[in-house]
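> Listed below, chain by chain, are the residues.
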Amino acid sequence: MNAFLSMVPRFADAMLVTLEVSLLAAFLGMIGGFALNALRMRFSKALAIPYRTYVWLVRGMPYLSQLVIVYFGLPVLGLTMTAAQATIVSLSIYAAAYFAEIFRAGWASIPHGQIEAARAFGIGRRAAFRAIELPQALAFAVPLLANQVILVIKESAVASIITVPELTMTASDIVASTYTYIGPYAMLIVCYWLLTQAVALIAARASALIPFLQKTS
Amino acid sequence: MNTPDLLTRCLGYLPQLLAGALTTLWLSAVAVLCGFFAGVFIYTMSASDSALLSRAARVYVSVFRGTPVLAQLLVFYYVPSAIGLTLPGVVAAAVGLSLNTAAYQSQILGAGFRSIPRGQIEAARTFNLTRRQTLWRIEVPQVVAVTLPALVSEMIDIVKASAVISVIAVTDLMRVGQQLSSSSYRPLEVYTLAACFYLAITTLLSLAAHGYERRLAKRI
Amino acid sequence: MSALPILQLKAVGKSYGATRVLKGIDLDVMRGEIVTLIGPSGSGKTTALRCMNFLEAYDEGEVWIKGQLLGYRLNGRAERIRDSDESIAEVRRPVAMVFQQFNLWPHMTVLANVAAPLVLSKKIGKGEARRKALAALQRVGLEHKADAYPARLSGGQQQRVGIARALAIEPEVMLLDEPTSALDPELVEEVLSVIRSLAQDGMTMVMVTHEMSFAAKISDKVVFMEAGKIVEAGPPAQLFGNTRTPRLQQFLKPWFDRSLSPTPTSTPNADNAATTGLNPPEAALIVTVTGRGA
Chain A
1 MNAFLSMVPR
11 FADAMLVTLE
21 VSLLAAFLGM
31 IGGFALNALR
41 MRFSKALAIP
51 YRTYVWLVRG
61 MPYLSQLVIV
71 YFGLPVLGLT
81 MTAAQATIVS
91 LSIYAAAYFA
101 EIFRAGWASI
111 PHGQIEAARA
121 FGIGRRAAFR
131 AIELPQALAF
141 AVPLLANQVI
151 LVIKESAVAS
161 IITVPELTMT
171 ASDIVASTYT
181 YIGPYAMLIV
191 CYWLLTQAVA
201 LIAARASALI
211 PFLQKTS
Chain B
1 MNTPDLLTRC
11 LGYLPQLLAG
21 ALTTLWLSAV
31 AVLCGFFAGV
41 FIYTMSASDS
51 ALLSRAARVY
61 VSVFRGTPVL
71 AQLLVFYYVP
81 SAIGLTLPGV
91 VAAAVGLSLN
101 TAAYQSQILG
111 AGFRSIPRGQ
121 IEAARTFNLT
131 RRQTLWRIEV
141 PQVVAVTLPA
151 LVSEMIDIVK
161 ASAVISVIAV
171 TDLMRVGQQL
181 SSSSYRPLEV
191 YTLAACFYLA
201 ITTLLSLAAH
211 GYERRLAKRI
Chain C
1 MSALPILQLK
11 AVGKSYGATR
21 VLKGIDLDVM
31 RGEIVTLIGP
41 SGSGKTTALR
51 CMNFLEAYDE
61 GEVWIKGQLL
71 GYRLNGRAER
81 IRDSDESIAE
91 VRRPVAMVFQ
101 QFNLWPHMTV
111 LANVAAPLVL
121 SKKIGKGEAR
131 RKALAALQRV
141 GLEHKADAYP
151 ARLSGGQQQR
161 VGIARALAIE
171 PEVMLLDEPT
181 SALDPELVEE
191 VLSVIRSLAQ
201 DGMTMVMVTH
211 EMSFAAKISD
221 KVVFMEAGKI
231 VEAGPPAQLF
241 GNTRTPRLQQ
251 FLKPWFDRSL
261 SPTPTSTPNA
271 DNAATTGLNP
281 PEAALIVTVT
291 GRGA
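Residue numbers (my numbering), protein chains in the order written: chain A, 1 to 217; chain B, 1 to 220; chain C, 1 to 294.
If you're looking for bench data, these hints aren't it; they were derived computationally from the structure. Glycine included, each C-beta is placed from N, C-alpha and C at the ideal position. Warning: the hint list may mix true and false statements.
Unchecked claim - Partner residues aside, some chain A positions facing chain B, computed with beta carbon under 7 angstroms: (1) P62; (2) T168; (3) Y181.
Said to hold, decoys possible - Some residues of chain A that are not near chain B, with every Cβ distance over 10 angstroms (derived): (4) L47; (5) A84; (6) Q114; (7) A118.
Based on the sequences and whatever the hints tell you, model everything.
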């Protein structure tokens with residue numbers, strides 16, 4: 001019991017690190033993805049191929065692969081960063097691709113007739129984007145966005161490989177020093193599960209608050 | 001950077017990377033296959049009349065989808081040694097990946113199962129097909145046909161997820177990358193090359209899925 | 001000759017939750033008899049049919065097939081408990097069903113569909129199953145479609161395959177659940193003619209249908225159900241021509257009205273009308289029901 005209790009503060013700290021890294025990367029990724037999609041829609045001719053290439057690359061490789069390229073590979077070109085920095089940078093770039101695709105789907109879900117109507121009534125591009133497209137695209141995307149945040153949290157476990165002191169790293173540390181396996185790893189599973197369930201719950205509550213998310217597709 | 005030198009170096013890495021890629025591939029295939037049958041099993045549990053079984057299935061899916069693969073693999077690799085059983089990394093990886101994909105496949109297949117008209121199952125019952133026969137001869141073939149693109153997508157995910165088995169002593173593509181990188185002191189080249197291998201695998205699987213979807217669309 | 005009925009329902013009842021759908025159904029079906037169940041929707045006729053092969057588990061009463069109780073048995077304490085799946089399968093082996101929605105298995109060819117119950121029962125080999133399946137397909141006139149997939153067939157053809165599938169297991173009783181209700185009107189006749197020829201060959205049938213003239217011509221006994229009970233049962237001449245129940249008259253009225261409008265197939269029998277005092281279509285009906293087959 002004592003051993004169990006002594007783990008709790010360490011796991012609490014580790015959970016904070018996991019949250020910091022994941023939520024920051026998710027946030028940056030969401031903004032980045034949104035911007036990428038917006039730019040793609042605005043300059044579709046020029047950006048279509050670069051966008052597709054970027055998404056193909058990021059989604060075609062494991063995240064671990066991308067992390068090690070950033071952390072071990074970039075220093076060769078003179079770019080060094082801490083493990084945490086490398087994680088946040090690579091995880092943001094990784095997440096941005098997925099978020100961009102989610103926003104793309106969100107916009108694709110808007111019946112084209114609405115955009116035509118806006119144009120016919122002389123509503124400018126900017127205004128139409130803000131008032132007509134954005135709300136509907138977001139409503140469609142919210143469950144997918146929440147799910148992606150959960151995926152980012154899970155993916156952050158990989159950072160343990162480059163010794164970022166997040167949950168998985170901490171659990172392995174405790175295992176190595178105490179030679180007990182079941183306690184720390186059970187705790188690890190529970191911590192992640194609580195995190196992901198919490199995010200899912202928050203997302204569900206949030207979408208309940210937005211009225212027109214209630215409509216079934 | 002001397003390009004011919006770079007090329008020779010890369011060619012030098014190829015054999016080992018290829019071996020690692022093959023390990024990645026066959027482990028992923030094993031996981032997807034075992035996961036398929038486990039997924040069918042979990043789905044039938046979740047659709048069962050027994051509240052206990054369907055609850056257990058839901059908990060299983062929630063845990064395996066709500067926690068990182070890496071954490072699951074660490075559990076399957078290290079916990080057995082706590083009870084005196086040493087599992088080789090490959091076995092732990094296969095078990096962990098299979099159980100993981102089973103959770104996702106149970107959801108994919110579930111949608112397929114629910115799309116089969118009840119009348120077909122009723123007909124099977126009246127013609128005295130056993131439940132097992134109805135499941136495997138009537139339902140599963142149709143479910144696979146309908147969910148194949150989603151299943152291939154899941155296989156792509158497994159290939160990507162498999163990269164973390166490098167942590168539990170499996171010489172997969174990622175592990176080879178790590179080994180080569182530390183022996184050659186050229187991490188950028190090695191890891192980039194390894195990444196290309198992953199890209200090739202996932203892209204080929206993607207194209208296969210698209211080809212299948214187009215063929216399906218033509219038949220209708 | 002008082003033989004044992006091949007299919008017997010004794011005081012059969014069925015409830016869905018609080019709703020009582022069948023309220024004590026008694027029915028005897030003799031070998032070779034054609035029995036038709038008619039009635040408004042919600043009358044329980046389909047539920048009654050589905051209890052006859054335990055597709056629905058009835059709650060009260062008994063269903064006997066060839067002298068064996070279907071679905072239940074007595075345990076050591078002489079209480080009625082639900083029978084095992086194997087025993088149920090054994091008791092209902094002589095019964096085959098044809099469905100309103102055909103319920104063919106789309107991933108199998110027509111031949112595979114018809115042979116599947118035979119192959120999967122493991123009692124006969126694949127070669128013999130194939131032969132029987134082809135024979136059944138010949139009987140319904142579709143042996144040339146053996147290698148096609150159901151999706152390529154018309155509704156009428158699919159239903160005939162469904163009939164072939166039922167025939168292939170060499171049943172002693174066929175249950176038909178509104179076999180033509182899901183068909184476009186021009187496809188109905190091809191299915192009815194197959195059913196008619198099976199009846200002429202002596203197959204025992206229990207059929208739920210809305211095809212009144214067909215029911216009138218082909219049946220030995222017509223059963224009118226309403227609100228879960230049998231209101232009237234008897235030969236077609238009685239139910240369609242000389243019914244005792246006002247409710248049945250009311251139910252049949254729209255059909256009689258429609259028969260009065262000129263149709264290419266019906267030929268009003270004016271002589272009969274004069275002698276019996278009935279409307280021409282009803283009179284025509286009386287004449288035709290006296291002989292089996294039409």
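> Just pull the numbers of the violated hints for me, sorted ascending.
As far as the earlier hints go, not one is violated by this structure.
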